[in-house]
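K.L.:
The lines below spell out each chain.
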Amino acid sequence: MRIEKSVIFIFIWTLLLMVAIPWTIGKVSSNIFFEWPFFFEVAIGGLLAGVMYSLVALGFVLIFKASGVFNFAQGAMVLFSALTLVGLNELGLPMWLAIIATLAVMLLLAVAIERVVLRSLVNQEHIILFMATIGITYFLDGFGQTLWGSEVKILDLGIPNNPGLYFDGKILINDFDLVAALIAGLLVIGLALFFQYTRIGRALRAVADDHQAALSVGIPLKHIWVIVWAVAGIVALVAGIMWGSKLGVQFSLALIALKALPVLILGGFTSVPGAIIGGLIIGAGEKLAEVFVAPLIGGGIEDWFAYMLALAFLVFRPQGLFGEKIIERV
Amino acid sequence: MSLSPDRKATVNAEQLNTFPKLLLNHANVRGRKIAMREKDLGIWQAWTWQQILDEVRALACGLAALGFKAGDKLAIIGDNRPCLYMSMAAAQCLGGVPVPLYQDSVAKEMAFVLDNADVHFAIVEDQEQVDKLLEIRDGNDAIGHILYDDPRGMRHYDFPFLDSIEQAQKLGREFDQANPGFFEQQAKAVDGDDIAIMLYTSGTTGNPKGVVLTYDNVIITARNGIVREGLTENEEVLAYLPMAWVGDNLFSYAQSFVAGFTVNCPESGATILTDLREIGPTYYFAPPRVYENMLTQVMIRMEDASRIKQRMFHYFMALAKRVGTRILDGKAVTFAEKLLYKLGNFLVYGPLRDVLGLNRIRLAYTAGEAIGPEIFDFYRSLGINIKQLYGQTEGMVFICVQPDGEVYADTVGTPAIDVEVKIDDNGEVLYRSPGVFHSYYKSPEATAKTKTEDGWVYTGDAGYFAENGHLKIIDRAKDVGKLLDGTMFAPKYIENKLKFFSFIKEAVAFGDRRENTCIFVNIDLEAVGNWAERRNLGYSGYVDLAAQPEVYDLIQECVDKVNEDLSRDPLLAKSQIKRFLVLHKELDADDGELTRTRKVRRSFIEERYAPLVEALYSDVAECHIETEVKFEDGRTGKLAADVKIREARQFTPVAKAS
Amino acid sequence: MLYREAGEFKSTYQADQAILTIRQDRWFMWALLAVAFVLIPLVSSEYWLGTIMLPFLILALAALGLNVLTGYAGQLSLGTGGFMATGAFAAYKLATAFPELNILIVILMSGAITAGVGLLFGLPSLRIKGFYLAVATLASQFFLIWMFNKFGWFTNYSASGVISAPPMAVFGDNFVTGPYATAEAKYLFTLTLVVLFALMTKNLVRSNIGREWMAVRDMDIAAEIIGIKMLPTKLKAFAYSSFLCGIAGALWAFVYTGSVEPLAFDVNRSFQILFMIIIGGLGSIMGAFLGSAFIVLLPIFLSNAPHWVGLNIPVDLISHIEFMVFGALIIFFLIVEPHGLARLWQLLKEKLRLWPFPY
Amino acid sequence: MYERKLGDVVLQVDGISLSFGAMRVLNNISFNVRQGEIRSIIGPNGAGKSSMLNVINGVYHPQQGAITYRGKTRDLMKVHEAAQQGIARTFQNIALFKGMSTLDNIMTGRNLKIKSNMLQQAIYWGKAQREEIEHRRKVEEIIDFLEIQAIRKIPVGKLPYGMQKRVELGRALAAEPDLLLLDEPMAGMNVEEKEDMCRFVLDINDEFGTTIVLIEHDMGVVMDLSDRVVVLDYGLQLADGPPDEVRRNQAVIDAYLGVSN
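Protein chains in written order, with our numbering: chain A, 1 to 330; chain B, 1 to 658; chain C, 1 to 359; chain D, 1 to 261.
Everything labelled a hint here was simulated from the structure, so no lab data went into it. Cβ atoms here follow ideal geometry from the backbone N, Cα and C, with glycine treated the same way. Hints may be right or wrong, so weigh each one.
[What the hints assert, rightly or not] With a straight-line Cα cutoff of 25 Å, these simulated DSS-like cross-link-like pairs (lysine-lysine) come out:
1) D:K98 / C:K236
2) C:K349 / D:K98
3) C:K229 / D:K138
4) D:K194 / C:K202
5) C:K236 / D:K72
6) C:K229 / D:K98
7) D:K115 / C:K202
8) C:K351 / D:K115
[Unchecked claim] Where chain D lies over chain C, by a calculated footprint (3+ residues, C-beta under 8 Å):
9) 203-209
10) 214-228
Working from the sequences, and respecting the hints, build out all of it.
P.N.:
Structure below.
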């Protein structure tokens, strides 16, 4: 893909600011501690968290690309998949089997959504479909908790979860984050390959451009939708496992969707790389701001900082870093 | 019979015997009351009687300033517009004579009338009409002045004799300033026996004749109509029929001026139906075809309704057919029926009337030609008081009207107030009334032919009084003939009865100086076509369809019904249809079989299809025929077919001939 | 079927441009108002007025606000909750800082302040469109809520972060907030405001500004070419929308709950309001009310339904099932009539007007 | 029976070049438009006609060249400014406000003329209402002029194509423009509709003295209507002059008449 100059320009500026602002604050303010290793530690931690954000954002992008649907239910799908997984596991299935079963469930869900919702709302305005996905969100949240109960569950995949020292002890990084990031990274690469080199993948890309094209590839639209929603389901499951085993499986998982939204608009609804870069920027930016800026304004800024950051980007690129430019035709 | 509440008007009828006087009177009796409305620029612009007077005054003075004098003729051409009605009044205020023309007639036709009526002034609606007049004008410059209402498109017309009404009125106001009292003096000078208006009747043959009507003709007849029907100053009418037609002049002008009710002019041809609904007239007039079209529209729209709705609709329409008219005529019906009708009124009739805009109608007339009984009954069964009227331009419309409670589809009612009607020996209807016209303009011999010394007028229609004392019109007198046994033979009457069936487009009846009646039938391709499709029997085209035995059965039913009908008629019972055939080709004006106004040219057809006629009166069951036809593109070709002939069922007469 | 319109003609533009042009509609509206102002206060219980009618009206007002922005001006917003919160806290600060102010003034001023805030967050809308804007508005949502939580100044440093309305009267001792306020007083006060603002909104949308909004919504480039300036038009929408939302927030905090914490206006509130206008009908005044009624009554129905059929299910389970059914119903509604209840109503009306004809 | 006389130049287009990225849409186009004339731009599809109009009313900003309108050479202008300068236009593929009625669409065309503020409109009393009525009247005159009374209150989305074109023309007229840009006003119309549209174009030019720049495919129409014609082909200017002269131009015959109709 062609990357416009402005994007690279913005990108470089972002990096500069990310370094410059903490550094200056460190210099001017006495109660903010700034030191390069610590800075990098924070930054890397942020980046790793960012990968996790990308993971969720990816789900959005896939569906938006393929069906133009803004799938607000992605978060709910994360929660639902995690709940199902743990639930099945508690019922006595071995983890590997539970995972496979959950995958099957997510596939089923995709089919159901296509049959019940998308098919009957085909070529309605976007906002209607958007609302429908919010409906799905409510339904899944309710459904999942009705099935598996709403108390916090532990999900342990035996991923080491202890701080490790790197760069001869200067920088401390949580192994879990590393592993998670690694897995997420693999998934992302996998998807990228899937999109590049498989027939279905190409079809999906085609649909994004226009539906006729997709049909010409020879895959009926409804199948394509089922596939993307299924893939999104899988992504949700992975995200669910990661976040679940980090925070424990509970309702709040549904809310990480809200985390993914800024990533989404920053990267652009329709761009996979956008989702990844966006995730990294948001992740790092958020962590840095939390550590170096928040204390000055009373902390707890993680609710909104990501959004403000994304908003700032939008002012320069209204369609996100990698989203297609809208040209007015009259 | 209620007296017109407009007591003043009736009391000093003597003084208020011209439109100018009536106008002045309205202005001071009900100056504030709305006299006219026009849907213009999206809303109903209104004129009170006072405003009308002012406008008319200005225009009249304007005309005077332009040299218009008593006795001059003023041509008026355009759609129904207040300013054109006012122009009539303006002309009359100066003792002039308005001559409304059909706005859709071409320059050539207009030229004749304008010339025949010695018109020097014209007031027209728009560029379209102006252009016609200009076309007529070059060559002879008889038309001294043309005033127009809508200036659009004429920005670059600069002719000394061409001006806008507005301009004329401006001129008029100045003139009025300069000559105070001129207008009143002029207006009061006009008297009852002066000429009020000239209306040209498009005779079936020859050139149109200018019917000269005096104020007494017009106003007394109008007042009688008002008194008989108990119309008030609160009526609302919609003026949408050609101004040149006597009906419009009576209902939208004369009666409004006498009773003081409100006339409403629609926005444009395209909006008449919506405007009709918005206004919801209380007094309505339309020729049969209008009612017919409305009914077809209703049926077509109902076609697309949901099953249940259709069921409901048809159920209640059937009910209405049974009891509706009886209720309207105040006859007895069972309580259950009354209740059901009320329900139907809520579910169907009421809404239907409302959507059609006929909800507020207190009185509706139909006239001009015979109306199909189904159509007639449809509206009456909805609770709309629609009545038939028999009239003529020569009699300022009113000759016979159906009295409330005695409305029959096949008669035209009893003589109107002050009207005497008699039938002469060869069955032609004559009448004498205050409305009887003054003369045909510039043709005393024509006048003498239609109007006797003592004021009786030949209608040219054949008819007779039925036992119930109602006049029954059968046919044009000249068409009426006799069968060999002397029975009266009224082809048009029979043809009409046949044409009332939607399947039959045209019919031609033979029988004059023959032993019995036989007919040609033209099926209505659309109606029969649908009918055929619903029974999925295929056909390639008209010729094929016409020959189908099923179609013959269908037509046979119609013919038999007509015979049954005829058998009830004392005079015509013996002229029942003996044999009929369905013609293999559509009668066509291009082939000279119909007049341009789609009237059948019986004699022409009789010789063109001589072999068929012969066959009808022989006893063969089939006959081969070849006919010349003109195609759309003007080429001619031959059309050959074997036409079957059928016997119609005969019914024994029920009533003795009186 | 019920309509009788023949003979209803308009001879002035006033009449032709009236809000309700059909006589029977006008009667219906008067009847409706009579019921709302007279009948309901007379017959309905404390419970109904206090816990159903009040939230219904107040949320309807907020929905009205959002509908102006999203339904008429076509700017999708998820920040409604934030603006309601702004209204609530502005009212609180005003009422506590200037106790002598009349509640009407307090409420109007808090609306005005919210309008200002809305203006600010509306600025990006010039460049950002569609879902990008929607997400961007979430920024305002989260930021505002965080702000009210974070800075004690807004809550006058109450430990709990909860604000509670001082008793205030419209005039004399007709209290509409605080312990002495009767449910009737609260109801009538709210109703009056809501009706007035509904009327105001209707006037706006049938005037030039309303047409400009719709033009921007339907085809912004064409709108611009005929001379409509994007920024002012959109900002006006944002300002007026937040004005109504602010007032709704103030009423919510003062008249309805009496005491409230920022959480009452979190993102779920925003979605709730959005649901109202989608279910009710985008770009329709009546839609806001229908939607509000639906969204307010549905949960009450859902949570009581089990009892009526005599099941008793653990509370948390009920709430989960509620969630499910709610979500399902939303989807169901969108499928049945994507243009909302208002459209259904409109269709019904058209049918009645054309009855017995189908078109 | 009366002579058309052209006024002096109102719009001067000088060496306009426009490109999107690599694609050259307009290449050094120059022509002028005189007061009160009907000026046509013709050319095969993709000739850059619509782009030319978009340049004239400021939707696109050309890389080179200058546009002088009423003696004032314009620098980068915002889209909405064109309307303020009295330039109105219609669009090749109809750009009506689908959600609104015919009446409202045309009313929207008068937005620049409405002075009452938001508060007055909210109260809908006094000035605001007076304005609504006054402008409604003006709009009704346009409706009358275009003979669309029957569709006054119908949502434009429900109207047939030809009618929508008329409504759009109405919306442009509502601004009482000095310069009216019509982008294929007769595209996809049947014969009567075309005749009506021609009549309207002439009447507008005639009654209101509006200067008209018109893009059209139908050569017949163009030749009848226009005082002068510019011919474009793939961004290049082939000819400029009175209809019959252009008709005789060899380059035009090859490029255009040769190709279509």
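K.L.:
Output the indices of the hints that this structure fails to meet, ascending.
P.N.:
The structure conflicts with hints 4, 5 and 8, although it agrees with all the remaining ones.
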